[in-house]
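Q: Chains as they are written, first to last, in my numbering: chain A, 1 to 482; chain B, 1001 to 1118; chain C, 2001 to 2205; chain D, 3001 to 3340.
Simulated from the structure, these hints should not be mistaken for lab results. A hint or two may mislead.
[Unchecked claim] Using C-beta positions, here's what the derived DEER-type ranges look like:
#: 1; chain 1: C; residue 1: 2100; chain 2: A; residue 2: 369; range: 55 to 61 Å
#: 2; chain 1: A; residue 1: 398; chain 2: C; residue 2: 2099; range: 42 to 48 Å
#: 3; chain 1: B; residue 1: 1085; chain 2: A; residue 2: 202; range: 41 to 47 Å
#: 4; chain 1: A; residue 1: 8; chain 2: C; residue 2: 2096; range: 51 to 57 Å
#: 5; chain 1: C; residue 1: 2025; chain 2: D; residue 2: 3020; range: 43 to 49 Å
#: 6; chain 1: A; residue 1: 38; chain 2: C; residue 2: 2049; range: 51 to 57 Å
#: 7; chain 1: A; residue 1: 38; chain 2: C; residue 2: 2176; range: 29 to 35 Å
#: 8; chain 1: C; residue 1: 2178; chain 2: B; residue 2: 1086; range: 40 to 46 Å
#: 9; chain 1: C; residue 1: 2049; chain 2: A; residue 2: 8; range: 29 to 35 Å
#: 10; chain 1: A; residue 1: 458; chain 2: B; residue 2: 1085; range: 52 to 58 Å
#: 11; chain 1: B; residue 1: 1086; chain 2: D; residue 2: 3183; range: 28 to 34 Å
#: 12; chain 1: A; residue 1: 200; chain 2: C; residue 2: 2025; range: 48 to 54 Å
#: 13; chain 1: A; residue 1: 40; chain 2: C; residue 2: 2095; range: 55 to 61 Å
C-beta atoms are modelled at their ideal positions from N, C-alpha and C, and glycine is treated no differently.
If you want the building blocks of each chain, they are given just below.
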Amino acid sequence: MTNEAFETPNLLLALPEIWLLAMACVVLVVDLFSNDRDHGPAFWLTQVTLLGGIIITVSTQWGVDATTFSGTYVADSLGALLKIGILVLAFLGFAYSRDYMRDRGILKGEYYMLGLFAVLGMMVTVSAGNLLSLYLGVELMSLSLYALVAIDRDSSRASEAAMKYFVLGALASGMLLYGMSMLYGVTGTLDLGEITAAAAELDDRRFLFLFGLVFMMVGVAFKFGAVPFHMWVPDVYHGAPTPVTLMIATASKVAAVGLFLRLIGEGLLPLLESWQHMVVLLAVLSLLIGNTVALVQTNIKRMLAYSTFNHVGFILMGFVAGTPEGYAASVFYALTYAFTVAATFGVVLLLARKGFEADHITDLKGLNDRSPLFAFVVLILMISLTGIPGTVGFYAKWMVLKSVVEAGFVWLAVLAVIGAVVGAFYYLRLVRYCYFDKAEGEGPQPTGSGGFQAVLAANGLLVLVAGIFPGTLVAVCLAAFL
Amino acid sequence: MLENYLPILLFIIVGLGVGVVLLAAGFILGPRKPSEEKLSPYECGFEAFEDSRMRFDVRYYLVAILFIIFDLEIAFLFPWAIVLDEIGLFGFASMGVFLAILLIGFLYEWKKGALEWE
Amino acid sequence: MIEQLIFYVFALVLLFSATMVITVRNPVHAALFLVLAFFNSAVLWVMAGAEFLGIVLVLVYVGAVMVLFLFVVMMLDLNLSQLREGFMKHFYIGVPFAVVMAVQMLLVVGSGLFAPETLPEARMPIPEDVGNTALLGSVLYTVYVYPFELAAVILLVAIIAAIMLTLRRREGTRHQDPGKQVRVRKADRLRVVNIPSARRQSEQE
Amino acid sequence: MAELTEFIWIMAKIVAILVPLILAVAYLTYAERRVIGAIQARNGPNRVGPMGLFQPFADVFKLLFKEVVIPSNANRFLFLIAPMLSLMPALAAWAVMPFSDGLVLSDINAGLLYILAMTSLGVYGVIIAGWASNSKYAMLGAMRSAAQIVSYEIAMGFALVGVLMAAGSMNLSGIVNAQAGPIWNWFWLPLLPLFVVYWISGVAETNRAPFDVAEGESEIVAGFHVEYSGTAFALFFLAEYANMILIAALAVIMFMGGWYSPFHGLPVLGPMFDWVPGIVWFVLKMTIFLYLYLAFRATFPRYRYDQIMRLGWKVLIPVTVVWLVVLALMILAGLGPWFN
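Okay, chain A solo, but in the shape it has when bound (with noise of 0.2 Å):
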């Protein structure tokens, strides 16, 4: 009665994600028996963590096509360059945030460890093979986040902000889920590569597929914040508390990638046609809610969740073509554009100090004279995200406008590049902040550990060198798709 067609797994292919849970034990264990008051060894031990799994990402997966479990993961390209991207975002989140979280009396041990499960739950979410592994992914990402939000737990804005998260994010779960089961239901199969197949020869059961389409690609774009299932972005980003809501927009925005690419990209690509039009009014309402909403805010927080729209609607337009050269372009630009945020993210926690936030816009006046080094950095980090030609922002947004106009869009890449020169309006206003205006009294000061500086620098930096050098950075994501 036992199963013929198992096979014992080769747990060598999933190391990365054995590692990680592995450790992220070990530093449970370690936190409950530590009586350091800054956590310091859960700190260290989250670091070497994330970069042990870099390494072995790259070593084990990168150029393999695999799959082990029984078919429910998949070790190939795709899923080592999104994953690496998490981890070194998840490393820069981390860095970032040791000293706002203690200042705030919230650095504790479970920020760690729910930092690390959710970094586990986008790791397995990017290499699923099957649609349960990527369900649990999913929800194993979103409880932690969920819980991250309201890791502040006297502050109402917090707790407001995690609820509706919360229940807005189980919404897009239970459709994320009714779409599968109707998937389930037509193919006989929760095999992703099995379902494809299925989608190909479609007949009359093509309806069915459609009904189960619509759900999962509300579900996703609920996970993507695109419009209009954005409610929740900005009370979230602005509720929770900053290194937080740097998790939710860099690391969860390239989970979504991956989760977008497994689910619809690649294992629905048949259908391509019936989807497309769905992910292209996505796009629009994501240009056009990001840019004019964005341009009235005063709170960066919250400025960057509205221009995030701006972001996601070009990420998504890389989907619309469906081939390989837009699936790159898509990936290259979540991977720079999530780097760039969180370094503009660590800028405000640099300013950050306790009980000042430092998420008003009007905090950076007269940076340069405070601190020509971060000052630099903002404007780097502006630029890129405005997209001026020789910036990495600008690549990226080059190789999106490419795929479109090639799938024949062209009116939808015109869209996007008025978004783009609107975007520049409120980017470009923090550089003047901080170059043109003088502080009005003192000025927050760059505060921060020496290591902390190190790393937002080079973030900042390696952006700019990203920007001069993309060759390598683009070869790297084509690769991953052929």
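Assemble the complex: chain A is given as a structure, and chains B, C and D must be docked to it using the hints.
A: Here is chains B, C and D on its own, set in the frame of chain A:
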């Protein structure tokens, strides 16, 4: 298989029926002489003050949440216990990992003092 | 025939109680209707042959999840009138959506695509002699071991999150530590002091 | 027509289970008072009928003719439904109980799971009764008792998993048959820690002494059913004792070889007792467990609430988990005479 469940369904209905019958008998046979004193909630002879539906220690909720988690764990253990001799060492190891992960959770509860009542 | 009758009875009760969950005024009643709904769907699952899952639905949802629900709903003393106000406000927005969803459902279900003969064959027909608990077990811990372990991780995250968000240690509470009680030795508590007896002193004087 | 006869046949069987069960409840209350009386060197009820044997009936009639008081602020509907919800699972669980070889109403595969699900429903009666009464003592008692029941249910569930592992089946008859043989073949021996844990949590699940803080008449008068009177109270009473008998019966089935004689399969003694029907052994063993219930009540002081929770979470659960691992190793090693 289904015909085995019919008696169960009937048994549940009969079980409810016994309750209804007894309760009805009590209403029919027993006297009904309500008075304000008799109907007021018991409070050691005091007049009732404040609503009895008070807020409880959050610990009760915590116990309920932890109960759900462990109940699920038991639900996962049931099929495993039945097929233990068929799934061999691999099945044994997979449950070992499952339990180990949750035991870490249990250790966490313990150390954090979630299991302590004062 | 009887089977169909039972199915329709329970399906109807299920629909009724599900409707009551969202329309009834008292949240405690709503929670109890939800219990009824779960119970009915458990019966339907068992009828569909999912014996193990049906009973686990009762065990986990009715026996555990809804207990927590009731705990919360009973103790929170929700203000009902406030809840009602919001309901009416969103009612008019909700209705069109509900209608659209219902039409969609009807289209899909009515298209005949869900007729049993058009759906794919079940991969594993359920043999009569072994229960489906055993069948589930034979794949859950081997073929689906990866999702299975992920489920454990999700439960672990739930434990951590629940404790982190709710547990507060109050100051000045007393705990009993039996380990400490057992470890106590006579020397820790009792000091034997030699006090010279008063009478002997007086005798000496 | 065939369906109708089958229906009547099933109903007859249900009555054949329920009537002895209710009688057993009646005489359990009588036995309780006599036994505790004897332990405390007094008589107990001895006036109604010979040796007071008709006392239970007198009690029933008294309760029948009492008024069912519904407190003024109570939620009438829930107040009345609570005792039924508490009685229903206590009775319905008996549907799968094998009294002797083949003597079972419904022989489902998932029998043990069904019983666990049914016992987990018992908590509803308690919570709803406590809340619907709108009385502080009832509420306090309900919260305490609910938290206690759910805590011990985990330990109990783990213990049941151990039995499953040993028997390799959830079918209750299958579990008994896996223990066929003399007394040392039964599962109490290899599963001794689980057996003890099961029994302790069984006592706690039924809110019996020494875990009766929920009722704790000297602290919160009677806990969740303080406001109940007449037959409504009788239903709670019935449910509590039916649950006690259920826990005892389960203990016999899972750990004490069910209907098998303790000498089954032995060369000389085995055939000597072959004429005794299985159900007699079953009831005999059950009586021993029921006596334990009564002896506990007469001899142990009541636990404090924090001690109860500590015992459930910090002692019983770790013990069961450790023993599950040991048990798995024993099974993999094929340790005889149980697992070869």
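Q: Falls inside 55 to 61 Å, the C-beta gap from residue 2100 of chain C to residue 369 of chain A?
A: The hint (55 to 61 Å, Cβ to Cβ) holds, given that residue 2100 of chain C and residue 369 of chain A are roughly 57 Å apart.
Q: Does the beta carbon distance between residue 38 of chain A and residue 2049 of chain C stay inside 51 to 57 Å, or does it fall outside?
A: holds (56 Å)
Q: Given the range 29 to 35 Å, decide if the beta-carbon distance of residue 38 of chain A to residue 2176 of chain C lies inside it.
A: Since the Cβ atoms of residue 38 of chain A and residue 2176 of chain C sit about 32 Å apart, the hinted range of 29 to 35 Å holds.
Q: Between residue 8 of chain A and residue 2096 of chain C, does the beta-carbon spacing fit 51 to 57 Å?
A: holds (54 Å)
Q: Given the hint of 55 to 61 Å, is the C-beta distance from residue 40 of chain A to residue 2095 of chain C inside that range or not?
A: holds (56 Å)
Q: Take the C-beta atom of residue 1085 of chain B and the C-beta atom of residue 202 of chain A, compute their distance, and say whether it sits inside 41 to 47 Å.
A: holds (43 Å)
Q: A range of 28 to 34 Å was offered for this pair. Does it hold for the Cβ distance of residue 1086 of chain B and residue 3183 of chain D?
A: With a Cβ separation near 30 Å, residue 1086 of chain B and residue 3183 of chain D satisfy 28 to 34 Å, so the hint holds.
Q: Just to be sure I understand the hint, the distance between the Cβ atoms of residue 398 of chain A and residue 2099 of chain C should be within 42 to 48 Å; is that true here?
A: holds (45 Å)
Q: Has the hinted range 40 to 46 Å been met by the Cβ atoms of residue 2178 of chain C and residue 1086 of chain B?
A: holds (42 Å)
Q: When you take the CB atoms of residue 2049 of chain C and residue 8 of chain A, is the distance between them in 29 to 35 Å?
A: This hint holds: roughly 30 Å between Cβ atoms.
Q: Given the hint of 43 to 49 Å, is the C-beta distance from residue 2025 of chain C to residue 3020 of chain D inside that range or not?
A: holds (44 Å)
Q: Can you tell me whether the CB distance of residue 458 of chain A to residue 1085 of chain B sits inside 52 to 58 Å?
A: holds (56 Å)
Checked against the numbered hints above, the structure breaks none of them.
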